[in-house]
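Novice: In the order they appear, the protein sequences are chains A and B. The working numbering runs 56 ahead of the 1-based position in the first sequence. The working numbering runs 174 ahead of the 1-based position in the second sequence.
No lab work stands behind these hints, which were simulated from the structure alone. Any given hint could be a false lead.
[Unchecked claim] To give a feel for the contact side, a few chain A residues facing chain B, derived at Cβ under 7 Å:
#1 GLY100
#2 THR137
#3 LEU141
#4 THR142
#5 GLU146
#6 ALA179
#7 ALA182
#8 ASP186
#9 PRO187
The beta carbon of each residue, even a glycine, is placed where N, CA and C say it ideally should be.
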Amino acid sequence: MLDFLKTLIASFQDFLFLAGRSFRNIVRRPHYYDDVFMQMDIIGVGSLPIVILIGAFSGAIIALQMARALSTYGASSQVGTIVSLTLVRELGPVLSAVMVAGRNASAIASELGSMKVTEQIDAMRALGTDPVQKLVTPRLIATTLMLPCLTVIADVIGLIGAYLIAVPLLKIISASEYWSTSWRALVLNDLAQGLLKPFVFGMIISLVGCFYGLRTTGGTQGVGRAVTEAVVAAMVWIFVVTLLIDKIFVGL
Amino acid sequence: MAAPHEPLLEFKDVSLKFGDTWALRNVSLTLKPGETRIVFGAAGAGKTTLLKAVIGLVEVDTGDINLFGHDVTSSKETDLFVLRARAGVLFQEGGLFDSLSVGENVEYPLLNQKSNGTGVLALGAAQSRAKDALRFVELAQTFDQFPSELSGGMRRRVGIARAIVTEPPLVLYDSPTAGLDPITANTIMALVAKERDVRNSASLIVTHRYQDGEIMSDFRYDQEQEELVKLGDGKDTALRERTKFIVMKEGAMVFFGTKQELEASGDEYVKRFVRHGDE
Numbered sequence: 057m058l059d060f061l062k063t064l065i066a067s068f069q070d071f072l073f074l075a076g077r078s079f080r081n082i083v084r085r086p087h088y089y090d091d092v093f094m095q096m097d098i099i100g101v102g103s104l105p106i107v108i109l110i111g112a113f114s115g116a117i118i119a120l121q122m123a124r125a126l127s128t129y130g131a132s133s134q135v136g137t138i139v140s141l142t143l144v145r146e147l148g149p150v151l152s153a154v155m156v157a158g159r160n161a162s163a164i165a166s167e168l169g170s171m172k173v174t175e176q177i178d179a180m181r182a183l184g185t186d187p188v189q190k191l192v193t194p195r196l197i198a199t200t201l202m203l204p205c206l207t208v209i210a211d212v213i214g215l216i217g218a219y220l221i222a223v224p225l226l227k228i229i230s231a232s233e234y235w236s237t238s239w240r241a242l243v244l245n246d247l248a249q250g251l252l253k254p255f256v257f258g259m260i261i262s263l264v265g266c267f268y269g270l271r272t273t274g275g276t277q278g279v280g281r282a283v284t285e286a287v288v289a290a291m292v293w294i295f296v297v298t299l300l301i302d303k304i305f306v307g308l
Numbered sequence: 175m176a177a178p179h180e181p182l183l184e185f186k187d188v189s190l191k192f193g194d195t196w197a198l199r200n201v202s203l204t205l206k207p208g209e210t211r212i213v214f215g216a217a218g219a220g221k222t223t224l225l226k227a228v229i230g231l232v233e234v235d236t237g238d239i240n241l242f243g244h245d246v247t248s249s250k251e252t253d254l255f256v257l258r259a260r261a262g263v264l265f266q267e268g269g270l271f272d273s274l275s276v277g278e279n280v281e282y283p284l285l286n287q288k289s290n291g292t293g294v295l296a297l298g299a300a301q302s303r304a305k306d307a308l309r310f311v312e313l314a315q316t317f318d319q320f321p322s323e324l325s326g327g328m329r330r331r332v333g334i335a336r337a338i339v340t341e342p343p344l345v346l347y348d349s350p351t352a353g354l355d356p357i358t359a360n361t362i363m364a365l366v367a368k369e370r371d372v373r374n375s376a377s378l379i380v381t382h383r384y385q386d387g388e389i390m391s392d393f394r395y396d397q398e399q400e401e402l403v404k405l406g407d408g409k410d411t412a413l414r415e416r417t418k419f420i421v422m423k424e425g426a427m428v429f430f431g432t433k434q435e436l437e438a439s440g441d442e443y444v445k446r447f448v449r450h451g452d453e
């Protein structure tokens, strides 16, 4: 039991070291801009279709479920408010992050893991380049910048999805009423936590992916294990951190 | 850069233990420009660890390692990247980046090393230097191919091109001929000797093949004839002297000397690495 805790704390410490080094490298030369832009394309543009799809469906699902629940209280007109609050505060950031974690934490872990087991990471170090600078920092910057953008897109698409259910399909509310209530429901606090979350999730996803990738051992099987661990850990951390941020913002 | 008479690399009483096994045991050696050290030894005798210790890829327990006048043992990782960038390394399997093309692999040190200042060296300049390096190993036509499309020997040659593209004063070779057929292996060693003689660089070569040492010791690259020529006995003695052999056993250097001394050695362990002419 004690040994288990020790390894757990030791690996968390390693994770913090890696995080520290990659943050420090943001301001240190050399800057690998090409890698940052390439990662932004892979992570941001590459995740766009899935994030749009998930955003549209989650908005539509909330609208469907809420329309029924709200009608029992005669409060169907509140559907816009509910949809925009749940999407912006919670579902937009979390679902986008989960999608990106599944897509990119795994991709990062498998790419870096394969490089590790084929000694390409060692080759990188031997050639006088810092693998953290070359591989981790660009992924950290790219994911942290792209995830908030993806989340905003998911939020907007989700609202459109909910609109399609509530207005043309169920006809429980007029278009202008839907848009004005959903817009007026949002206050600064909602927007702040809706944007802070993906920012933090972006760091978690990229760093967790890189961390498990870089400590891969045991050949191709090890790569598979690293990918699984990275995705699971990233998702668990996403939910834990959501709760923490919620706690802070509910208190405000 | 170190003056010609000063060693590029110096090990002083270096030791490293992995658990109960010695990886390096009181190893001392020096290497000057133009010199060659051939390292023999059984598997697990510490040959690769020796190479890794040179550029600080493994931390040693005791002793001093001096590379280009800088202390490797007390340097921080960030400073080591600058030092490593000045040494060329060929990995056992070539160590190429499989997602980059051959050309991009060879350009990699030029475009990414801190000392070369990312972006300072324009892509065009890097490309032409990479092409020169590939021409040196006679693989200029593979520039746009990927490592997976090449044979083992070709990959090894691309690895050499990448190791020497920055024109390092010291090149480390980890088993450059392992797993290759004799003809390809000789081609590789000819390139290693050529690199030494064209640019007067120092080389540290870990190998299993006695012939690799023979080529380095008995031949020199003639730039006019563009091929290796065998050294004569008379005035070429000094040239022979620059190649020394090291035999390692359980982390310790059990032999150090010239080819003649190696062949004359009576030690049973040392004899295992010598292929005598009549055999």
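Novice: Determine for every hint whether it applies to the structure shown.
Specialist: Against the structure, the hints come out as follows:
no.	hint	in the structure
1	GLY100	violated (20 Å)
2	THR137	violated (48 Å)
3	LEU141	violated (44 Å)
4	THR142	violated (41 Å)
5	GLU146	violated (37 Å)
6	ALA179	holds (4 Å)
7	ALA182	holds (4 Å)
8	ASP186	holds (5 Å)
9	PRO187	violated (10 Å)
Comparing the model with each numbered hint stated earlier shows that hints 1, 2, 3, 4, 5, 9 do not hold.
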